[in-house]
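Asks: So the chains spell out like this:
Number of protein chains: 2
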Amino acid sequence: MSISMYQAFIPPAVRALTNLAAFLDKIASHAEARKIDPAVFVGARLFPDMLPLVKQVQIASDTVKGGAARLAGQEPPRFEDNEASFPELQVRIQKTIDYLQSFTSEQIDGSEDKAITLAMRSGELHFKGQDYLTTYVLPNLYFHVTTAYAIARSNGVELGKRDFLGQA
Amino acid sequence: MSISMYQAFIPPAVRALTNLAAFLDKIASHAEARKIDPAVFVGARLFPDMLPLVKQVQIASDTVKGGAARLAGQEPPRFEDNEASFPELQVRIQKTIDYLQSFTSEQIDGSEDKAITLAMRSGELHFKGQDYLTTYVLPNLYFHVTTAYAIARSNGVELGKRDFLGQA
Numbered sequence: 023m024s025i026s027m028y029q030a031f032i033p034p035a036v037r038a039l040t041n042l043a044a045f046l047d048k049i050a051s052h053a054e055a056r057k058i059d060p061a062v063f064v065g066a067r068l069f070p071d072m073l074p075l076v077k078q079v080q081i082a083s084d085t086v087k088g089g090a091a092r093l094a095g096q097e098p099p100r101f102e103d104n105e106a107s108f109p110e111l112q113v114r115i116q117k118t119i120d121y122l123q124s125f126t127s128e129q130i131d132g133s134e135d136k137a138i139t140l141a142m143r144s145g146e147l148h149f150k151g152q153d154y155l156t157t158y159v160l161p162n163l164y165f166h167v168t169t170a171y172a173i174a175r176s177n178g179v180e181l182g183k184r185d186f187l188g189q190a
Numbered sequence: 023m024s025i026s027m028y029q030a031f032i033p034p035a036v037r038a039l040t041n042l043a044a045f046l047d048k049i050a051s052h053a054e055a056r057k058i059d060p061a062v063f064v065g066a067r068l069f070p071d072m073l074p075l076v077k078q079v080q081i082a083s084d085t086v087k088g089g090a091a092r093l094a095g096q097e098p099p100r101f102e103d104n105e106a107s108f109p110e111l112q113v114r115i116q117k118t119i120d121y122l123q124s125f126t127s128e129q130i131d132g133s134e135d136k137a138i139t140l141a142m143r144s145g146e147l148h149f150k151g152q153d154y155l156t157t158y159v160l161p162n163l164y165f166h167v168t169t170a171y172a173i174a175r176s177n178g179v180e181l182g183k184r185d186f187l188g189q190a
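Line by line, the protein sequences are chains A and B. Each residue of the first sequence is one higher than the last, beginning at 23 in the working numbering. Each residue of the second sequence is one higher than the last, beginning at 23 in the working numbering.
Keep in mind the hints are simulated off the structure, nothing from the lab. There's no promise every hint is true.
Same chains, same names: a pair is fine if it fits in one copy or spans any two.
[Stated by the list, open to error] Below 30 Å or equal to it, Euclidean Cα-Cα: the simulated DSS-like pairs (lysine-lysine) are:
id	residue 1	residue 2
1	Lys150	Lys183
2	Lys77	Lys48
3	Lys183	Lys77
4	Lys48	Lys136
5	Lys136	Lys57
6	Lys150	Lys57
7	Lys57	Lys183
8	Lys117	Lys136
9	Lys117	Lys183
10	Lys117	Lys48
11	Lys136	Lys183
Remember, predicted model here, so these are calculated numbers, not experimental data.
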């Protein structure tokens with residue numbers, strides 16, 4: 023009685039990115055309706071030493087593409103991190119979803135005990151696959167999607183929890 | 023080759039709550055060091071129509087205690103939602119952790135296909151257990167822990183991503 027690594031990861035991650043794409047569209051519409059330069063929102067932050075919206079989206083993308091690649095034993099694709107507009111962020115998200123959906127369950131399943139090493143500035147982090155997914159990849163994904171949502175909300179964009187969770 | 027519902031849920035949720043408790047302590051210390059009434063932080067919000075820090079903690083708690091109870095076919099304990107200070111929030115978090123840790127893997131495992139119904143103001147939501155966990159309980163948990171973190175950061179408390187993720 024169990025769920026697979028694939029099921030625990032890929033469908034929820036695709037859903038989170040799909041929700042992110044949908045609420046980014048609402049932010050872009052909000053900017054357009056009020057004749058605010060969309061770049062103001064793309065560069066908006068919660069606090070001066072926090073990362074702007076554009077980076078929240080890029081890191082959410084990096085987290086899951088790196089996660090899927092490592093669990094499947096592949097090299098993750100390198101994205102240029104040069105997005106500067108909502109349409110470019112939408113392309114980035116769609117490329118990430120396409121990449122996640124390129125994996126078969128067979129490529130991800132069975133990675134529970136796989137040794138995963140992350141090279142961080144502070145040194146190496148070592149995980150087994152299951153802990154990597156449940157205590158690093160998924161929390162990080164939701165952290166950055168939530169922070170993107172929080173940046174929008176704190177700048178007056180009308181979003182609700184359902185925009186974050188998606189339709190049940 | 024799989025992970026169990028228990029493993030996908032209880033250890034990561036306990037970890038997220040443990041991290042939340044640790045960074046709430048840092049917020050309390052920040053307030054004390056600067057002689058700011060801690061109630062200012064407990065009631066702080068990202069935007070006037072968003073919920074304050076205290077509610078973020080209460081909802082994170084509710085999400086996981088309701089999640090574990092429903093997957094195990096139990097009635098969740100009712101907490102009073104009357105916390106108004108950091109020490110009271112710490113008690114709430116610890117009670118929630120204790121409740122999560124009271125479940126055996128046998129009580130949670132095998133709930134992948136269990137029919138779960140949530141009564142919302144907007145109507146009923148229906149899930150099977152696996153989708154309830156991966157697209158509702160876990161995203162909601164991380165949403166509220168991240169929002170608590172964001173409230174603290176946007177009020178100048180020095181926290182870093184490691185406070186959110188915990189030690190690897």
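Asks: With reference to the structure, classify each hint as holding or not holding.
Replies: Hint-by-hint comparison with the structure:
no., hint, result
1, Lys150 - Lys183, "between (32 Å within a copy, 21 Å between copies)"
2, Lys77 - Lys48, "both (18 Å within a copy, 26 Å between copies)"
3, Lys183 - Lys77, "both (22 Å within a copy, 14 Å between copies)"
4, Lys48 - Lys136, "neither (39 Å within a copy, 34 Å between copies)"
5, Lys136 - Lys57, "neither (50 Å within a copy, 48 Å between copies)"
6, Lys150 - Lys57, "neither (49 Å within a copy, 43 Å between copies)"
7, Lys57 - Lys183, "within (25 Å within a copy, 34 Å between copies)"
8, Lys117 - Lys136, "within (26 Å within a copy, 34 Å between copies)"
9, Lys117 - Lys183, "both (25 Å within a copy, 26 Å between copies)"
10, Lys117 - Lys48, "within (20 Å within a copy, 38 Å between copies)"
11, Lys136 - Lys183, "between (35 Å within a copy, 25 Å between copies)"
Against the hints set out earlier in the document, violations occur for numbers 4, 5 and 6.
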